[in-house]
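*Asks:* Sequence:
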Amino acid sequence: MEIVKFLNLSPQNSKGLHVPLYRNAKKLYNDALLITDINKSYSTSVSLLILSSEEIVKAILVLMHSEGYKVYQIDSAKKFFHDHKIRHQIAQLIESGTGLFEMMIVWEEERKKKIINTKAKWLNDLVHFIKDGYKAIQPMLKTKERIEKLEQFNDLKNQGLYVNYENGIIDPQNQILKEDFEEVHQMVKRIFYYYKGLRVFFHPMLKNHIPKSEIEQGKKDLKFFVEDAMKGFSFKDLKT
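Going letter by letter, the sequence shown gives residues 804 to 1043 in the numbering used here.
Misleading hints may appear alongside valid ones.
Calculated pairs, DSBU-like style, for lysine-lysine (alpha carbon to alpha carbon, straight line, at most 30 Å) [said to hold, decoys possible]:
hint, residue 1, residue 2
1, K808, K999
2, K808, K981
3, K999, K881
4, K843, K999
5, K992, K981
6, K888, K873
7, K992, K881
8, K999, K981
None of these hints come from the bench; they were simulated from the model.
Taking the hints into account, I'd like the entire structure generated from these sequences.
*Replies:* This is how it looks when you write it as structure tokens:
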């Protein structure tokens, strides 16, 4: 009998299947925090956090597929559910999109503020443009740092679990420190936020809180990103 897997399921048959993936990701996430609180074992915690990020990325893919987005037609889609490195690369894309969205929000908020008001309009406009641009670019600068860290996720996960030898014994407890845990924790939280944001975005009751036209435009933008902007995209071009 043929074995049916996630990639074989239609969007309709995938409805709700993101939930058990989320629950497992959340369990791994909570276990990581528990180990930190009880044993201060930052190395094991980092590995569990990274495993939880891999699982929540799967939940994001299944959720988007169930809503009719053609994520399974992206190049290398067949590896989404068994190649953890590709899931780290998807996390990089999620972080890029989140950082860009945050930059746009900051730009819009700062654009409404006025810090000087002289008779020279050109001077006012120039100062405000520089001020707005500086503040707006900050989220993207942090996103660049996070992406560089995401590129190390596979190595960090292994370093947190295994003893190695390079001119001497390398113990996980000495490899992964509290600072590493805190940094990875914040990045993984952002991926969970993205998943939760998608769930809200696709919720049928959202129309009671946001104009339908805005929801439809958001869905069109997401559809364009997945089915047009990423058409022909290859994960081979990203670092792992």
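*Asks:* All hints are to be evaluated individually against the structure, with a verdict given for each.
*Replies:* Here is how each hint holds up against the structure:
1. Distance restraint check for K808 and K999: the Cα-Cα separation of roughly 24 Å lies within the 30 Å cut-off, and the hinted pair is therefore satisfied.
2. Restraint check: the Cα-Cα separation between K808 and K981 comes to about 38 Å, which exceeds 30 Å; the hinted pair is violated.
3. In summary, the hint linking K999 to K881 is supported, as the alpha carbons are separated by about 25 Å, within the 30 Å threshold.
4. In summary, the hint linking K843 to K999 is supported, as the alpha carbons are separated by about 28 Å, within the 30 Å threshold.
5. Taken as a hint, the K992 and K981 pair is honoured in the structure, with Cα atoms around 16 Å apart against an allowance of 30 Å.
6. A C-alpha spacing of about 21 Å is found between K888 and K873, which places the hinted pair at or below 30 Å, so the restraint holds.
7. This hinted pair checks out: K992 and K881 have alpha carbons roughly 26 Å apart, not beyond 30 Å.
8. Pair hint K999 plus K981 holds up; C-alpha atoms about 27 Å apart against a cutoff of 30 Å.
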